[in-house]
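Engineer: One letter stands for each residue in the lines below.
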Amino acid sequence: MKRFFTSTMLAIGALCMMLSSVPAQASSDTIKVGAILAVTGGASFLGGPESRTIQMQVDKINAAGGIHGKKIDLIIKDSGANPEKAISFTKQLIEEEHVFAILGPSTSGETMKIKNICEQGKTILISCGAAEVIVNPVAKYVFKTPQKDSFAVKKIYNDMNEKDIRKIAVLAGNTGFGKAGKKQLLTIAPEFGIEVVAAEVYDKKATDLSAVVAKLMANKDIQAVVNWSIVPAQAIVAKNIRQAGWDVPLYQSHGFGNIKYVEAAGAAAEGIIFPAGRLLVADVLPDSNVQKKILLQYKHDYENKFDDTASTFGGHGYDAIMILAKAVEEVGADKEKVRDAIENMKNFIGTGGVFNFSATDHNGLDIDSFAMMTVKDGKFVLY
Amino acid sequence: MTRRNYIPIMLFITAVIGIQLITKFTGTNYYLTQLTMTAYYSLVIIGLCLVMGYAGQISLGHAGFFAIGGYTSAALTTCNLTSLFKNGNSLVKFLSSQGMLIKSQDLYGDPVLYVNPWLAAILAIMLTVAIAFLIGIPVLKLKGHYLAMATLGFGIIIFRIVLATEIFGEADGISEVPGFTLIPGVSVNGNFDNRIINYYIACGIVVIGIILLLNLINSRVGRALRAIHGAEDAANAMGINTSRYKLYTFVISAVFAAVAGIFLTHYNGGIGPSEAGIMKSIRYVAIVAIGGMANMWGALTMGVILNFMSLRGMFGSYDDAVFGAILIIIMLFAPEGLLRLAIWQKFFKKNDSAQ
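Here the protein sequences line up with chains X and B, keeping their order. For the first sequence, my numbering assigns the number 1 to the initial residue and increments by one for each residue that follows. For the second sequence, my numbering assigns the number 1001 to the initial residue and increments by one for each residue that follows.
If you're looking for bench data, these hints aren't it; they were derived computationally from the structure. Using N, Cα and C, we set each Cβ at its ideal position, and we do this for glycine too. The reader is advised that the hints may include incorrect statements.
Stated by the list, open to error - Derived DEER-like restraints, expressed as beta-carbon distance ranges:
| hint | chain 1 | residue 1 | chain 2 | residue 2 | range |
| --- | --- | --- | --- | --- | --- |
| 1 | X | Asp203 | B | Phe1315 | 26 to 32 angstroms |
| 2 | B | Leu1332 | X | Lys335 | 47 to 53 angstroms |
| 3 | B | Leu1084 | X | Lys60 | 52 to 58 angstroms |
| 4 | B | Ser1090 | X | Asp247 | 50 to 56 angstroms |
| 5 | B | Leu1084 | X | Thr360 | 26 to 32 angstroms |
| 6 | B | Ile1183 | X | Gln55 | 45 to 51 angstroms |
| 7 | X | Leu382 | B | Arg1160 | 38 to 44 angstroms |
Said to hold, decoys possible - Taking lysine-lysine and the DSBU-like style, the derived pairs with C-alpha atoms no more than 30 angstroms apart in a straight line are:
| hint | chain 1 | residue 1 | chain 2 | residue 2 |
| --- | --- | --- | --- | --- |
| 8 | X | Lys335 | B | Lys1024 |
| 9 | X | Lys32 | X | Lys205 |
| 10 | X | Lys32 | X | Lys122 |
| 11 | X | Lys346 | X | Lys376 |
| 12 | B | Lys1103 | X | Lys183 |
| 13 | X | Lys239 | X | Lys204 |
| 14 | X | Lys122 | B | Lys1086 |
| 15 | B | Lys1086 | X | Lys183 |
| 16 | X | Lys305 | X | Lys140 |
| 17 | X | Lys60 | X | Lys260 |
| 18 | B | Lys1024 | X | Lys183 |
| 19 | X | Lys305 | X | Lys292 |
| 20 | X | Lys154 | X | Lys239 |
| 21 | X | Lys154 | X | Lys215 |
| 22 | B | Lys1103 | X | Lys140 |
| 23 | X | Lys32 | B | Lys1103 |
| 24 | X | Lys140 | X | Lys167 |
Isolated chain X (complex conformation) (with noise of 0.2 angstroms):
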């Protein structure tokens, strides 16, 4: 009994502390948007980029007096890429807070877990993963940022038909973003005359895949290898090839856009060929390019101010957050007027490429906001 007491005074005691803390009241001057990013956990190599460049962007928004003279209060929350956290995160963010509009999540699991809750909640969610399906079928509420995983495919088996490569070898990294692309490769691999002979998934911990390289090894129909794949273990893939003395062609997805991996790699990195958004090659590209400006900009930004190299995932937050600032400063604080404005928003120039939106295009990229890259000499190059 007397347990009992204890913990039922403890409770209420708790309990009142929390409801009585009502949350302030969005003032008229501040327009006030929520992120939730996977900052820790299994997808922070998203989250934490992703949100460093938000809030750098925003404080450099606010630091020029806002938008038509209001400021951004922004809010992140970290969901650690677990979806239940950010279920709840989003319906308080919508409820609570009131917020203009959502940035992120960084995964695809989550964002489609909340693509019905801002549904509902008649609240702008600009998505930073990657899947096909946040956008399609298309949500009125509902934009993301990062290139569908379609057109990377696309451009890889491009290349592949160029060098009459017929028969090729998948390998994926168990998370969303290897699921999502091995999908898709098997997919549209008939529509080039391509045929995949083998598919193989691997752990996203793996520290040694030399057991599946020898398998895919002894299969002497492959011509090509293509990993799919957004963790460490790519890196992994390519040292293992290597050192088995394999001199397969290995392609890799928009995932191996981080200079880490190549560094990781070694000398297996030199030769791999991947698309990627231009950010990676942004020193290199022709004045004449359209996006040349913004990404060097942003580049110089971020690298100046944390102690990161700016990676293509950082980018897509970059996009988010500007793309809806650009909608606020051309219509207003007005939701369903800002999301008017992102639906017929056309050549915005963001880190991912060329933004053109429409009410059946929530992506608004094309599939040359992706180029073809290498690796020579340790760096990324135009292919």
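With chain X held as given, fit chain B onto it using these hints.
Structural biologist: Structure of chain B alone, referenced to chain X:
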């Protein structure tokens, strides 16, 4: 159950209603969203409390049972059977004629035909019972660290299975799980306007769970369990079928976890692999420990407070670290649980002498 045991339950129900009224009058009823989610997690915790506190066993795999319940029910209710129905699949036809399938439309107007959540829930619970039995028979023969390791292994296996299976959505999990209509008009789902009723459904399930467990604890079985906790060999010598009692408690607590999984999945409209993760299992154990192993009310209280804070993002990026730290600190300084610290005992002794 004696009348004495009803008083805390009555107080708990009063608190549940009280909280709802407070949120109503302060205009903060959005707190109920996290409280509802918390209530379902609490169901796992009180079930685990039975295994850990009363039977004296440990399970580091309870997130696995939660996931079995949630994932089975999510997979069955999101699987669109429309094309099978049109092709004249006899099983689908039969289920449909028995009213076990539900027809509706998705957000984009396409027809959807899915398994009735009631049927899915029953199948999920049956599966959980079967797995808990199969795992429990060999595993509960182990003691101490070995039992901990074996249950941990079980948790990892479940985590790996959901991460690698296509029907479970691999790394993305399952989305767009429909609501669970308990009786016409009362549905477990995350719609903003269903919040209050869902809060009461969740709390109601917890109350039922508590009544069941208190009845069990205060019966012959409960006394047997405490005997096992105290000294398993002595209990055996006294004629208690220790292995059977341990197994039954394990299965019961697994079912509690599965029920929580089923309802929370319908409430959230989805489930992801993080629910099956090791950190979740450890979190449940930490909460039972901080509540004071054999103290169901303590575990419930701490579970509600900590899960509520976690779901509201109060621990920020240190979420997992907080629960790890709690487990270490409690084990070092208050192995009997926070609520049994000497300071409270003194407080009550004074009160007693005053009376």
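Engineer: Against the structure, test the hints numbered earlier, and report the numbers of the ones violated in rising order.
Structural biologist: When the structure is compared with the hints, numbers 9, 11, 14, 16, 18, 23 and 24 turn out to be violated.
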